[in-house]
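With these hints in hand, go ahead and build the complete structure from the sequences.
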Amino acid sequence: MLRKIFPLFVAVVLSSGCMPDQIPKEALQLTEESSARRKLETRRFETKDEQALLDAAGAVLKDLGFTIDATVKELGLIAGSKQDSPYNIGGMATSAAVAVISSALSFPTSMPYSKDQMIRASVVTRLAEDGNSTAVRITFQRVVWDTEGKVAKSELLEGPVEYQTFFQKLAKALALDAHEF
Amino acid sequence: MSFKTPQALLGIGVCLQLFACLSGCEYAVRDAAPEPERQLKLANIRSRVFATADRDGMLRVIAATLQDLGFHVDRADYALASVSGTKLDRYLLRLTVTVIPRGTTRLLVRANARYDVTPVLEPELYQKFFATLSHALVLEAQTAD
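Each protein sequence line maps, in turn, to chains H and G. Counting from 1, position 113 in the first sequence corresponds to residue 113 in our numbering; the numbering is continuous, with no gaps. When you read off a place in the second sequence, starting at 1, and then add 1000, the result is the number in our numbering.
Possibly wrong hints are sitting among the right ones.
As the list claims (entries may be wrong) - Subject to a maximum C-alpha distance of 16 Å in a straight line, what follows is the list of computed EDC-like cross-link-like pairs (lysine to aspartate or glutamate):
1) G/K1041 <-> G/E1122
2) H/K25 <-> G/D1089
3) H/K48 <-> H/D130
4) H/K150 <-> G/D1116
5) H/K153 <-> G/D1116
If you're looking for bench data, these hints aren't it; they were derived computationally from the structure.
Following this line, the structure appears as structure tokens:
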């Protein structure tokens, strides 16, 4: 029985990261999370010197290990990326367990696990509504590839740590306070 | 009917070789452009005209709108007046928005979306994007006045 169910289990696990056939209906509309995301990703600095902000933001990204891929100062945009390895002990352990169990059941199967990741950062600045300060919004996105070279995960980072670290460093570089937006 | 294995294998081998050769043939370049009528319909779905001449302001509002919609703004071209973003959420959606002046008082905003590698043709998705952009522009106008 286990011998029959196991391949099905592996197939389900492997296909769980597949891209949906249809574009989700909410893909191009604001959701309840949009305002919370904006709050997480945005800080206001009391300066109108957008150029200085962009220069400082670029320097902070470099400090954090990013390579600058694009800069469009006229539109207040800096984009960067960095590659590293995701910390994926769980994935490695599951993969090893699948290999051992499948070998014991006489049909060796390998299950890929997350191996490499690319994190991309995009900083967009704009004059805030009060006209005296500048809003800085950063988004972090990551793509994770598995040991077979396939995309295992692609997402906008939601954890507050990366955002807080960036804004703390930016505030320090500018010697200004970062106000919540 | 006698079945002679070596000859049969040779025949299969020749057929496979032929298929392999054919699969490497070059395809003629086909004009993939849609018919003019369909092209016009697509352009209407993907475009809106806004009563403002502030090109830079429009580009910045577009970037902010893309971020609000969960896109990662990764490319922009000031000279070409375009901003692009990608949305990764188990799927890949790429949106490029271009601003083109229409006379001296209006701007044409054109959006092109791709879902993975397939162009998005559903009008509803563009309607939702332009609705969000219009809403952001109204807010902008309110704060500027």
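Here's how the hints hold up against the structure:
1. G/K1041 <-> G/E1122: 12 Å, holds
2. H/K25 <-> G/D1089: 13 Å, holds
3. H/K48 <-> H/D130: 11 Å, holds
4. H/K150 <-> G/D1116: At roughly 14 Å apart (the allowed maximum being 16 Å), G/D1116 and H/K150 satisfy the hint.
5. H/K153 <-> G/D1116: 14 Å, holds
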